[in-house]
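What follows is the residue order along each chain.
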Amino acid sequence: MDRMHFGEHSSSQFNEALESIRNNLMEMGGLVEKQVVDALQALLQADSALAEKVLETEDKVDKLEMLIDEECTKVLALRQPAASDLRLIIAVTKAVSDLERIGDESAKIARMGLQLAEEGESPRGYVEVRHIGNHVRNMLRDTLDAFARFDAKKALEVAAEDKEVDLEYRSAMRSLVTFMMEDPRAISRVLNIIWSLRALERIGDHARNIGEQVIYLVEGKDVRHISVDEIEAKLKK
Amino acid sequence: MDTAEKFDDKTPRSDTPASQSEGEQAMENSTRYPEQTIGSPYVDNAKMSMRDVDVFYGDKQAIHGVSLDIGKNEVVALIGPSGCGKSTFLRCLNRMNDTIDICQVKGSLHLEDQDLYDPKLDVVELRARVGMVFQKPNPFPKSIYDNVAYGPRIHGLANKKYDLDEIVETSLQKAGLWNEVKDRLHSPGTGLSGGQQQRLCIARTIAVSPEVVLMDEPCSALDPIATAKIEELIAELSESYTIAIVTHSMQQAARVSNRTAYFHLGRLVEMNDTETVFTKPEHDLTEAYITGRFG
Numbered sequence: 192m193d194r195m196h197f198g199e200h201s202s203s204q205f206n207e208a209l210e211s212i213r214n215n216l217m218e219m220g221g222l223v224e225k226q227v228v229d230a231l232q233a234l235l236q237a238d239s240a241l242a243e244k245v246l247e248t249e250d251k252v253d254k255l256e257m258l259i260d261e262e263c264t265k266v267l268a269l270r271q272p273a274a275s276d277l278r279l280i281i282a283v284t285k286a287v288s289d290l291e292r293i294g295d296e297s298a299k300i301a302r303m304g305l306q307l308a309e310e311g312e313s314p315r316g317y318v319e320v321r322h323i324g325n326h327v328r329n330m331l332r333d334t335l336d337a338f339a340r341f342d343a344k345k346a347l348e349v350a351a352e353d354k355e356v357d358l359e360y361r362s363a364m365r366s367l368v369t370f371m372m373e374d375p376r377a378i379s380r381v382l383n384i385i386w387s388l389r390a391l392e393r394i395g396d397h398a399r400n401i402g403e404q405v406i407y408l409v410e411g412k413d414v415r416h417i418s419v420d421e422i423e424a425k426l427k428k
Numbered sequence: 045m046d047t048a049e050k051f052d053d054k055t056p057r058s059d060t061p062a063s064q065s066e067g068e069q070a071m072e073n074s075t076r077y078p079e080q081t082i083g084s085p086y087v088d089n090a091k092m093s094m095r096d097v098d099v100f101y102g103d104k105q106a107i108h109g110v111s112l113d114i115g116k117n118e119v120v121a122l123i124g125p126s127g128c129g130k131s132t133f134l135r136c137l138n139r140m141n142d143t144i145d146i147c148q149v150k151g152s153l154h155l156e157d158q159d160l161y162d163p164k165l166d167v168v169e170l171r172a173r174v175g176m177v178f179q180k181p182n183p184f185p186k187s188i189y190d191n192v193a194y195g196p197r198i199h200g201l202a203n204k205k206y207d208l209d210e211i212v213e214t215s216l217q218k219a220g221l222w223n224e225v226k227d228r229l230h231s232p233g234t235g236l237s238g239g240q241q242q243r244l245c246i247a248r249t250i251a252v253s254p255e256v257v258l259m260d261e262p263c264s265a266l267d268p269i270a271t272a273k274i275e276e277l278i279a280e281l282s283e284s285y286t287i288a289i290v291t292h293s294m295q296q297a298a299r300v301s302n303r304t305a306y307f308h309l310g311r312l313v314e315m316n317d318t319e320t321v322f323t324k325p326e327h328d329l330t331e332a333y334i335t336g337r338f339g
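Heads up: the protein sequence lines correspond to chains A and B, in order. Each residue of the first sequence is one higher than the last, beginning at 192 in this note's numbering. Each residue of the second sequence is one higher than the last, beginning at 45 in this note's numbering.
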């Protein structure tokens, strides 16, 4: 963490460019986090107005994604960044596409919310959505926090959390499938909940991906596609 | 005040010269030299090995205890801010510093088993084994042919005109210049463009079949196309020669070298695989330099 001095280049324009990229990333992260929170609330409280708001934000998130990518391309072309600067640019471009996907998943949840508001509420599954939703929301908050502070330890915690979310998701699936077998009339409405849970589980995966980019940025180690234990072992080396 | 001495102090000095940039001062306050060179300065198949090299210009010490190996057929890049001693170090490797009276070299420097500073060693012969290409192309005021043939002639490498012709042709071919000059071998070397002149100097260097080629910023006076040609050439030459290159262009070091050595105020701070140095350097000073935070 002590080696991330992004504001100390001899070229002040370089400093400004990196600063702007980080600010825009944080703005995008904030927007997406808000989207997830709103989408969950829209689903749980059958609030169609809020769901519409989530869908509207998508456009803003997409524009930020393109803006940040453009800024990163410019830095690569004009500054030929190396070492931590290079890792920052690489990590940001990857994190940005994960954030954009999180935005997409929130929009899916919002759409399920709209459908449930029209068709009538699902008889089951809200407890699971609330539970996994809170879990995923915290992961996203922590991973963005880790990015802002270049905190690899926190990023590792996010990766570990993702494993729990996956377990919770699977157990929720089992109970909802059982319920659908018992009461086929509710299948269409319960399916909306299942799609939402699936979206939440994906958001957890994207949060983990961003955490892995934070670890790459801070430690210079590629920790994708390996288990949390293996990540820990790699970081100790 | 000797700039190198400042690093031995534990507390920052208040009387630091005003000419020093703020960034540099900040680095000094926050960063210390490693006790030993970080990374992997030594290799198993060393062509040249240097241990505890100190170089003095009069009373001033320019190099402090540098130890490193240059592997066979390896391209080693020496980088660092101006005045860090990288060129001085390079010049020790074929005793170019002998031409400076007040310069004194200590430590052990070997080309395979040959002690470079053995008083009995014939320096001219050494420089045939360890050739050098300089920053500015410096062809002799002779024809292209004679520029390349000069070395083989004085070293008696070719007895017949036929042999000499062949050396000139293969050297120019290796330097990637043959096709451009084969029809005007007897026009003056100084009439070529800058990039061609530099390749002519490389041809001249390799005409005497050296084992090691030292390059002191060979591309700093060249345009990007000529630079690309020289870099391409370095990659090809490394198949038959061992190369050490001093460069101010970090992108160049990143492109052409296998290992990179980072010098700072006369000390070798870090030497590692080039990829490591440019993506995840181990020492803060290296990181600061290659990301453009000072220097």
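Hints may be right or wrong, so weigh each one.
Said to hold, decoys possible - Partial list, derived from the structure: chain B residues whose beta carbon lies under 10 Å from chain A: (1) 197; (2) 205; (3) 208; (4) 330; (5) 336.
Quick caveat, the hints were computed from the structure, so don't treat them as lab data. Glycine is no exception: its CB is placed at the ideal position from the N, C-alpha and C atoms.
Structure-based check of each hint:
no.	hint	in the structure
1	197	violated, 44 Å
2	205	violated, 49 Å
3	208	violated, 44 Å
4	330	holds, 8 Å
5	336	holds, 5 Å
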